[in-house]
Every structure is written in structure tokens, then in C-alpha cells.
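Undergrad: Sequence:
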Amino acid sequence: MSEQSRARAKAGKSRRRQSRSKICHCCGAKVMFCWQCRCGFSMCQSCMYENQWGMTCNGITWECPDCGAQNGYGNQ
1 MSEQSRARAK AGKSRRRQSR SKICHCCGAK VMFCWQCRCG FSMCQSCMYE
51 NQWGMTCNGI TWECPDCGAQ NGYGNQ
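So the sequence shown is numbered by the UniProt record's numbering: it starts at 1 and just counts up by one.
Everything labelled a hint here was simulated from the structure, so no lab data went into it. Source: prediction; values computed, not measured. Even for Gly, the Cβ is constructed at its ideal location relative to N, Cα and C. Treat each hint with caution, since some may be false.
Pairwise CB distance ranges (calculated) [what the hints assert, rightly or not]: (1) Q52 / M32: 16 to 26 angstroms; (2) I23 / I60: 50 to 60 angstroms; (3) T61 / S2: 39 to 49 angstroms; (4) Q45 / Q70: 34 to 44 angstroms; (5) T61 / V31: 13 to 23 angstroms; (6) S2 / C27: 47 to 57 angstroms.
Put together the whole structure using the sequences plus the hints.
TA: So, in C-alpha cells, the structure goes:
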């Protein structure tokens, strides 16, 4: 393996492992995990739990309050 390819591989790994904290659109908290919609809306786990009664009727999918798209919880 050449020196350039090693450097590229090392740079790719460091970019992948960076902390990618997200900002919740509901509470404004900076958290490590957010439920995200394709439109860019994101919600932290605690806000999702509080608002689950209005965002899902079956516990499998949730509806984005911004665009109305259906998103999965990933449990099916």
C-alpha cells in the first residue's frame, strides 16, 4: 500500500468517526442521536417520546410535522 493511499484511508476513517451531534428542532438541545426526516427536520429521543401521541398511530411510523412525510422508527 502506498503512502498516499494510507493517508486517504486514515483521513476517511477519522471523518467517519467524528462526533456528529445534532440539534433538536423542538427543544434546541445538542444530542448525539435525533430522529430525522428527509426534509431536514430532526427531533431528539426525549421530545419524540413526549410527542409520540400526536405523531404516530401505529408505533411503526411517524409523520414529520414540517412536511407530512411518513418515516419509520426502524423497528420493523
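Undergrad: Could you run down the list of hints and mark each one as holding or not?
TA: Hints versus structure:
1. Q52 / M32: 16 to 26 angstroms: Holds, since Q52 and M32 (Cβ atoms, about 20 angstroms apart) stay within the stated range.
2. I23 / I60: 50 to 60 angstroms: Between I23 and I60, where Cβ atoms are some 26 angstroms apart, the hint is violated.
3. T61 / S2: 39 to 49 angstroms: holds, 48 angstroms
4. Q45 / Q70: 34 to 44 angstroms: Given about 19 angstroms between the Cβ atoms, the range is violated.
5. T61 / V31: 13 to 23 angstroms: holds, 22 angstroms
6. S2 / C27: 47 to 57 angstroms: Check passed, 48 angstroms falls within 47 to 57 angstroms.
Checked against the numbered hints given earlier, this structure breaks hints 2, 4; the rest are met.
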